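Dock chain B against the given chain A, drawing on the hints supplied.
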Amino acid sequence: MNKLFMRASLWALFSLALSTSGCSDDSGFPDVDGQNPVLTLTSEHIESGAGHAFTITGELEDKDGIASVNLSCPDLYLDKTIDLIDIYGEPKPTYQLNYSFNLKKDEIGERFVVKVTVTDVGGRSVSRDVLVTMDGDFSAPAFTASPDKEVTVLIKQQTSFKLSFTATDDRQLDYVLINIPGVEGYADKKVDAGGQSSLTHTERFTLPNIAKSYNITLKAVDKKGNETVATSVLKVSEMPDFPKMYLADVATVEELNSDVFGVPMVISHTGAYQYRARYYNETAGTKIFFLPQKTDFAPICFGLDPDNKSKLTDDPETALPIVLDKAGVYYEIDLNVKEGTFKTRTYSVAEATDPIKYKKYGAGSANFDRWESGSEMIDFYLGWGGSPSDAGNHKFVQDARNPHLFYYPAPGDTWTLEAGQKMNFIITNYHPDGWWDHVEWRVDNSEDIEKFGYFSKKNDVNPDWEGTNRKWADGTAVGDNWAKPTVKTGGNYRFVFDAHLGRGKIVPAK
Amino acid sequence: MKRQLIFLCCFLLTSLSLLAQQLNLSGKVISGTDKQPVIGVTIKIKGTAKGTTTDIDGNYRLTGVDRNATLVFTSVGYTTQEINVKGQTVLNVTLQEANELLDEVVVIGYGAVKKSDLTSSISTVKGDEIVKQTTGNAMDALQGKVNGLQVASGGGPGTTPKVIIRGVTTVNGSSPLYVVDGMPVGDNINFLNNNDIASMEILKDAAAAAIYGTRASNGVILITTKKGVAGKTTINFAASVGFQTLSKPSIASAEEYKATFNARYENDGKASIWNDTGATTNPGGTDWWDEVVNKTALIQNYSLNISGGSDKLLYNFSVGYFRNNSQYDVGYWDKVNVRLNTEYTFNKYVKLGVDIAPRVESWDNTPNLFGAAMAMDPTTPVFKPEDKWVDNVYNNYQRSYNNQEWNPAASLARSNGHSRDLGAMLNSWLQITPLKQLNFRTQFATNANFRRSDGYTPQFYIDALEQSTLSDVSRQSQEWMDWNWTNTLTYMDTFREKHNFTAMAGFTAERYAWFNTYAARAAVPSDLEIMREVSAGTQNQRANGDTSYNTLASFLGRIMYNYDNRYYVTASLRADGSSRFPEGSKYAYFPSVSVSWRIIGEEFMKDQEVFDNLKLRAGWGKVGNQNISNDATLTLLGQSDYVFGATPQRVTGTSVSTVGNNQLRWETVEDWNVGIDMSVLKSRLDFTFEYFQKKSHDMLYSKQNVLVAGYPNWNSTLWMNIGSMQATGWEMSLNWRDKVSDFAYNVGLNLSSIRNKAIKFSGDGPIATGGFHSDQIIRNEDGGLISRFYGYVADGLFQNQTEVNAHTNEHGKAIQPNAKPGDIRFKDLNHDGVLDANDKTWIGNPYPDLMLGFNLGLNWRNIDFSANFYGTFGNDIYNKTKGYYSGENGQNVYKGTLEKAWHGEGTSYDIPRMSYTALELNYHRVSSFYVEDGSYLRCKQLQIGYTLPKAWVGGSQLRLSFSAQNPFTITGYSGMDPERPQLDGSVIETGIDGIGYPNPRTFLFGLDLKF
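Top to bottom, those sequences are chains A and B. Sequential numbering from 1 applies to the first sequence in my numbering. Sequential numbering from 10001 applies to the second sequence in my numbering.
Keep in mind that the hints were calculated from the coordinates and are not lab data. The model shown is predicted, which means the values in this text are computed figures rather than measured ones.
Which residues of chain B face chain A? A partial, calculated answer using Cβ under 8 Å:
#	residue
1	Asp10463
2	Ala10464
3	Asn10805
Result set (DSSO-like, lysine-lysine): computed pairs, CA atoms no more than 30 Å apart in a straight line:
#	chain 1	residue 1	chain 2	residue 2
4	A	Lys457	B	Lys10270
5	B	Lys10270	A	Lys488
6	B	Lys10388	A	Lys360
7	B	Lys10820	A	Lys115
8	B	Lys10827	A	Lys80
9	B	Lys10827	A	Lys92
10	A	Lys357	B	Lys10270
11	B	Lys10813	A	Lys488
12	B	Lys10813	A	Lys105
13	A	Lys395	B	Lys10270
14	A	Lys223	A	Lys190
All C-beta atoms in this analysis are idealised placements derived from N, C-alpha and C, irrespective of residue type, glycine included.
The following block holds chain B by itself, in its conformation from the complex:
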């Protein structure tokens, strides 16, 4: 009995003690970065289904928690933390942002891995970084933030930046493949709402990109849109509104224009043909830049995001509006994006997701009138005298008095071109997880777009050389309908604790279709807006329509293995079959393998305190390129004229217009990469260095046919696998982050250098391109760097007759027999006394030796500041705008030209004498006179933000910001924008400044409200 009593007492005590271990727990979750409360953090008691989420102040409360329980804190963007309660009743937690940690999950093609497990070269940029800048295209915001990524931007609404990842290995397009939530969307992401982007992963080497096989030769950019997070609904409204402005070039006034105009003739001893009508009709002169270019252009961006969910359903809804006006009275681009991403978990086996993202884009074409505004005669008034006005308002503009430039104000008034896109991305997926280790996912996505483009040119007559005899109206309807079906099966397991293994196999099918209809007529009876319909045209009826599509069927697989998180190997293989290639060559295989050694995991690194991370990586792979026309294998007939008869008459017939090649094969790029990742000083300093080489084989090239083939069209070309290009380079990044008391800061430096070389083009000799006065600026030669400028070497100006006389070969033969003091002295490189094509040499390289990104972030209490810089160094620009010193054809000149141009010994060493006849000598020759160092360092953004105390805004989070984009540029380049020439032209014809729309300065006020 005694023993029974003792047992009973023990039982009761034990029960009481167990009851006493159930706690009521509360606390607050804040961010380790800014010490702000984190809303919607999921807190679960480990091993149970019990849990809660934090409220708007980051507070939470849990009842009945075992005093020894472990709580799991989870939130998107933060690393998951597990904390033992240990009997505490108040548990405050600081969550660290995931991107600061090596356990950050990185999206790779058809899967995701921890960053520490990466064996290939992938860079990640989070959505927060992207939306710091207000840009039409998310890639603009990536300048300087990703190593090896060259982004060249330009101004103008809707301009698509040129994006090159790790150099150029093909002439068939340089843009990477963009994949949005698993759906390849081509080479332009203008249509995306930047605020919808959760992260962008840039797959830089073939080891990473080979899983995308056929279209990965220029790299792949994976874009993941924002998904819902379980917990309380959060609403985020962000807005930024501001204006853009351009620097006005310094152009001569009417008075100076007249003086330079006459000087050109007087210097040559000729009578000037100056027309002085403007002195009476327009005595004050006209500032054409001010007439056609506005001082500011509005830019605005609004986004509303609602996100939340439960254990079953996650949702993220957003609506965004972006608009960018041009610097002219006409021209804009806007877009409205709506996106609903949902994910429903039926049970632990089955999950379903549906993403719907409709959009509307609209734009009026932006004219390019900067050059015309600079060249136009400033003595000419905008309009003719009112007594000469007629009903057709387009006729009332004044013809230039002294040159052939069309009146830019009139051109602006006639500018009529409008397009509207209606599109939608629909993405649905089903994921089945029959076993913990096994996952099957099938995804069907469509990307549809319909575009209507209307154009109208009014009839007008300003002058015989400035007129359009008939009005013209056109409409084009285009439809893109692309779909993609992706199926993957993934098995992931760990054996004997140290053998981690993941295998993935998949099949994809894709189809890309384009439907086009065009109709136009001339001679519309009236300029009235309602008459601008094709049916209203009365003459010259034209119509055409066509359909184009291509398909891909692919099998893919990948194996990832690591031993003890120290030794990693990843291998992938993709087999792509493309409709663009003929039978027998349709399929190609793109393998890759990469390894890494995570040295930090070694036993011998356990006791050291220098390194927090140390990893070596190496990878090799093959990727493909199929950027050729859909019908490259087909021989086609086209309309052609023949001449028959004794009295020759043209008869319309057909002839071979395209010569097909049924022997085409895939273009492949072989790529290898080695790298090292390192963290030191308690992870405050991260260092990465990579070296790579990419080389294309069987590059597809549209080669000219030999005439003896007998094809009537002399320039009909034939696609062939004949070229090879190579890009070699290195990239390095240094990132420092630290926090001192309330002051947190980070500094990042990215450096990369790439050499792009053409090993072989067509074998037909150099490719000359970039026309300039019956010559070509650029020469691409087998074995040389691409897109280099090739011309004469300008060796200063002749200052006197003695220097002119001395410019001979060794036997006294005059190299420039017609030269006079003040003309450019060109080098006779072969010393033969004749200045001819044999004296041309390489005079510039538009590709930079070094690209630099510098990023700075500061946080002090509620104030944050960020600065981003981007620059290229060692690149040259062929500055055609130096021609504005010549006054050629009576065009206006740069201000101060009379003084800057040579007018006596020692007066100038760069700008030649003003002359009417010496243009051929000085300005029409492709020469180093036009070549300038295009190096620049541009401040891409300065932003300062202030987050209001929550008490002021009812517990919500409100951040106000002011930012300046492109506020200043450090450069020695004399043109309007050193960046714009890198955007213009193809990869083998770039770096020529033809006055494209420059990158504007942008000033923005921003508001970001979360509640």
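Chain A extracted, bound-state conformation:
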């Protein structure tokens, strides 16, 4: 009897425990209202694009507590579960969903559906679909041509400035605002792009014949409201002693601005108003000008005076190019911009020197000492990259006629750079283990590269070279800077490097 009573009591207690504990999920969080979660998305359609991110945002609510959120899209290889209990240690009654996903640069799909599923602690879930299309506009417009940061206009009888710029957008450009305060009679201007992706604008306006500086501000705005601003200081003055002078071997403004760096090419400032340019003339008939600004032939362009071709003029409207008619040689041109004089001479490739110890290493031949012990010889060649071993991935091709001249990529190969891409490299000898910086060039300015300086950590320098390690013959030197240029326009490019001149350029491949 007693045993029976005990068993009955235990069953009663067990039943009571079950009836009072209520329903609950396995995680041990009791229900509050047992309702489904509420999912409110900010948008159910997101415009994005390859190489860009999209962000799904929304408000989530559940009185029982949200346990997790899942975002799923098999086509995008997306299956992410945000476990809120794991992150916060407890379920959340409300949650601000804000999840970004990066689309691959080579994504080719046009539209994707991301399923967002919210699950509460009771296992109840609600799903919504978000449509992601690849038609988003993420890029701000860009000025592919615009006045330099500082532009000098020489005082003439009638001083004027020819403003010229080109703005582009990857989708649709809206307008460009021009603002030049202080110029009498010149009001702010809004130039409409007419629904096009590119806008080129040129106008000339008159300036007072007094030395003065003006600020030019250009703002390009696309249809999505993305904007880009370019500024320039316009200096009106008598002929100044320009600290820098550039050699332009191209004919158009577009060509002047289509490079990653290196065009126009900076030349040496040898004295007051005096400059010396050295240039390797690959083909006969190369036409060159000298410019104190980099992005335009205006307002100053030194070329042959049509009235006296032994003299130079600074007027871009009338200047004629200096024609280099001897191919396969180096030209040396000395000019005095104050007096408008110049003289040229040539010297052979053999006379030209560079820092590389060809006698020791050879070029392209297997006589580079891998262990510096004579135990193993490997090919010596130059390349560019993040280290000597990486240089093997960007191996330069040496010019057949000029051993100082190197190219990348090899003829027939394509080298593609993307807009906005930031490069990071040095030029060095290749070494499979990434050791020993025997031969190395670094740059004067990481972002705005004009000169390459020889920088051998092993102090391996051709004794016949004009310069010394880290210092050129003219006494100038470059710092220990890596090249980190940013690509403005995507496309196929070519790297040209002249070890004799210490000049390089990355220009669109033809």
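Leaving out everything else, chain B in the frame of chain A:
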């Protein structure tokens, strides 16, 4: 007259009857354990000087024994028996081995007590147990046999095991103090002949060890060497000879190596830099392990012991030889030990003892080339082509074709390092007993050692990155001269039958000195053996020499009292003065007190039959630690360079190199212990359980100086009393013994568990140690367990791009932006979307949760069998050898790596993809990828012995045995040896597997002859 006649008759009858009571008695004495005759048993007629000893067959004969006389049978190792003759003429006696009994005498510091009278925690291991295993160091044989004793062994000749008693309470050394016959000998007993050891007592708690005060914080191990026994001379020759062998790791062949080498580049879309020279010069490939590691190594041990004596003189002479070769062609360790222990009794008042124990130890350094043999390029031949050989044979080895590993065969050939120790322990003592209750003993002991170490590195050129431009020769001479003078006065008496009282007071003085000279030169003109002298060097002369010593002066005392063998109390106090501490802090006091209640002695236990022994114990004490440098209190100047001048030039000068602290105090460890001892089932089952806690105070720690102090040496450190550590644990033992007919057996199980915690180190933040790819594996943190691994949590491998994409924080920020399928997924513990130091956590603990010893002994007639097991459980190992799956720097890989490494979804969940560029992602991060469960259960020994019938060997006792040491190990650990990582590193940097010399398997044949 009639009455006179009657008286005369009575007198004659009485006289006749008295004459008739004189007996001629004979008999045989055998051992209760193995039923074998016991030789040399002393048999005395109680109350007289008359007696005899048993012969080689255990037989004895006595004439003229009173028929009511009592005979006293005494023999070392057996309990003394008193038997009344009761008119018998044949009296056969079975002696019980003393270690089975509670009346066994246990050596304690500066004295001895019956085991039943112990109030503290002391374990005893007899010499017979130790010599069952053939080991270079006796401590190796104690694995699993003593509770609370952690012994981590390693292979390699002369390797000293790491011994930790009841956990760790200091960073200043973990080894216990070894005391041999009353002489402290430091923290290594490699020099001892195991066959000379009669017993080892492990003093585990402070109540037992406090009498050794200053050096007892890690426990004390008392070693008693064998003494002579009165009676017939016995000669014992023991020999064991065998070989050791190592398991060969499974390493890729030349063909597989090439495939994995290239796969690393191909998987990354890069051109491989494989050098295929080996295809023509060495088409069969090279098995580097077989080239440098021998399959077997010889181990041998011989010992001759002659023992005997009379009432006046006791002697024990032994000579032993032990040699252990390494698994390489070079490297060995051997020792020759001679010992003569004598004891002369002048009269009942005065006794004198002299022990002389000279020794010679020799060894050639054993190189560590296991890692190199595993990593070396197997396509590379051992030697260059013969046509390129030159006179310098060291130049003729081939440089690795595809990695930077030095040729291990060449390294082995160049290995030259030899040392020889000449040493002696001399121990003399005088004991005066003016009263039965009073004993004065003075002992002077010296332990001297002289070591000559020669080194030679030949000049060689294999390659620019594998060369030594100059040969170099060196010689170092070191001398240790230690002495110890101990004086004790002991009074022991019993009052009113039930008050048992012992008091001891003593004074000791000790001095430990070291003398060192070193000389070296470079550019020896020739590699000839006879030219390897310092004087033959022609360049770069170096020499230095120094002397170091420290002294101790101590006063000590102990009182032991028990009432009616039921209630016990023991108290001791030691005052130590050390030269290592400054004025005002030189002396420290180390008290202890312990009590026990022998419940079995109570009246109410008399009639019960459950318990044969029941005792409760509790103890408390303080012990000290002075393991700091001798000059810790001194500020010292050292050589330093300065740069002067417009054209900077280095000028040699001096600067402060060591900053002394004249405020140093003693480091003390406070310890308490409670325990219960129990015997049941007619003493067949013994049970002991103890719980303890040890905590250090004022722990000495070498703390970095603050820069603002202005000392030029940025890392100059200062000893300070700033730390505290704590060890807490329990230990339990169960021992069962029984005998069924001819079959006797015993089974023992020891379990112990200890948690080692750092309460405080320097206060400067965590101590990171155990370097690994610009990071540290181990982090010791105030308040946490010591030596734990601290790193990232590896959460399997990314199996596909979806898993890579999903590894973000809640906002989609990629946690491992450069990861690809096949890489390790690491947990972002703080969910911030960045994998950085904030995501590190505790990923392993090298100290075990549980240590286990299991011992089995079987005896059937003449056959005996024993098995010993030792294991640790719950400990982790940081297995750096998993890096051999990476192929990093072109090193060789484990066999099967191509298949084991991830190469597609579902192909692997542990070993990441082969990659040239992803090392930083997968292999260079301190992570749980490397952490494995290091639990293991190792069979330490299996031994089977057969004792030949005496008739076969002319009445002698001859036992033959075969034993296997470390024959098998049960473990899930993938490295070579789960035990070795516990040996390597200090107590706060242990558990890292860097391919140390693993414990070898050893197979031995043994012979033991007594006559």
